[in-house]
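Q: Sequence:
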Amino acid sequence: MVPQDATIAVNRLRVNVKELNGVGNLEALATAVEQIIPAIEDGRGAYEAKKLAEKAAKAAQRDEALAIKEKIVNEAQSLALSESWKTTGDRLKVLLDEWKVAPRLDKKTDAEMWKKFSSARNKFDKRRRTHFATLDAAQSKVADAKNALVTEAESLATSKDWVATARRFKALMDAWKATGRGKKNEDAKLWLRFKGAQDQFFAAKNADLEKREGSMKANLEKREALITQIEALLPITNTEEASKAFREFARQWDKIGMTQREKRSALDTRFTIVESAIKSAQEVQWRKTDPVAKARATDVVRQLAEAVANYEKQAEKAEAAGNAKKATEAREAAQARRQWLADAQKGLEEFSN
1 MVPQDATIAV NRLRVNVKEL NGVGNLEALA TAVEQIIPAI EDGRGAYEAK
51 KLAEKAAKAA QRDEALAIKE KIVNEAQSLA LSESWKTTGD RLKVLLDEWK
101 VAPRLDKKTD AEMWKKFSSA RNKFDKRRRT HFATLDAAQS KVADAKNALV
151 TEAESLATSK DWVATARRFK ALMDAWKATG RGKKNEDAKL WLRFKGAQDQ
201 FFAAKNADLE KREGSMKANL EKREALITQI EALLPITNTE EASKAFREFA
251 RQWDKIGMTQ REKRSALDTR FTIVESAIKS AQEVQWRKTD PVAKARATDV
301 VRQLAEAVAN YEKQAEKAEA AGNAKKATEA REAAQARRQW LADAQKGLEE
351 FSN
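Take the sequence shown: its position 227, counting from 1, is numbered 227 in UniProt numbering, and each next residue is one higher.
Bear in mind the hints are in silico, worked out from the structure with no lab data behind them.
In the EDC-like style, the derived pairs of lysine to aspartate or glutamate whose C-alpha atoms are separated by at most 20 angstroms in a straight line are:
#1 Lys58 x Asp106
#2 Lys116 x Glu98
#3 Lys177 x Asp144
#4 Lys177 x Glu152
#5 Lys279 x Glu231
#6 Lys189 x Asp199
#7 Lys255 x Asp161
#8 Lys71 x Asp110
#9 Lys263 x Glu275
#10 Lys317 x Glu332
#11 Lys279 x Asp268
#12 Lys255 x Glu213
#13 Lys313 x Glu329
#14 Lys123 x Glu112
#15 Lys115 x Asp97
Model the full structure from these sequences, guided by the hints.
A: If you want it as C-alpha cells, here you go:
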C-alpha cells in the first residue's frame, strides 16, 4: 500500500478504536494500532526508492523508444530524395517493419514522429511513381522509334544498292544508338530483327564484293591517282579555288566504285586530312569576313582607346592638382589598357576589309 494511504487508514482506525464500545482488551488494540505507524514510516523510504526506480525505468524506456523512432525517422528523411529506387524502396519497407515493432510513445509524440516518417515515405513514393511514369513514357517512345528503324532496316535487307544502302544502315545504326534504351525484353526482340536485316544485307553485299575483286583493283588505282591530285591542293593558298577544286574531286571520289576495305581505309584517311584542312581554311576565312565579329572587335578597340584617353586626362588633372598618387594610378591604368588596345588592334587587323 502507498504510505500516504496507509497513514490515512491508520488514522481512521484510531478513531474507530476510540469510539468502539464492546467487550475485549481495547487498550491492547489501540496499542497495536499505534505500532502500525512506525512500520509505515520504515517502509516509506523503500517505497519512495521503488517509485523513483520505476519512474527512472519508465523514462529510460521512453528515451530508448524515442531514440529508436528518431533513428527511423532520420533515416527515412535522408532517403526521401534518393534515386536508388529498388534499394531505397526495400529499405523503407524494413524501416516500416521496425516502426511497427518499436515501443510506443505517448500519443502526441508518436503522432508527430509518425507524421514525419510517413511524409518522408510519401515523398519518396511520389518521386518514384513520377520517375517510373516518365520512364514508361520514354520507353514507349523508344519502342516506337526502334520499331520504325526495324521496319526500314527490313525493307533494305534485299537492296542491291550497296554503297547507298550501307550508308543508310550506318545512319540507322547511329539512330538506333541515339534512341536510348527501352524495356529490356522488347529491346532485345527489336534488336534481333534489326541485326537480322542488317546481317542479311551485308552478307549479300560481301558475296557480291567477292565477285568484283577485279573491278575493285581498278577502282583502287583510280583512287590512288585521284588522292594524289587532292593532296596537291595543300598547302592552301587560295581558299575559294581550293574549295571549288576539292568539291569536284569529292564528287569524282564518290563516283568511284568499290575498293578493298583494308586499302580504302588509308586512302580515306588521306582524303579526310585534306578535307579537314579545307574546312579549317574556310572557317578562318569566314571569321575574317564576319561583319558581326568585326563590328564587335572594332567596338572593343574604340572602347579601349577611349579608356586610355580618359585615364590620361585623369592623370593630367591629378598632376595639376598635385595628387601624385592618383596621377600614378591613372597612368598605370592607362598603360594597362594601352597594352589591351594593342592586342585588340592586332585582332582587328586580322579581319579582311
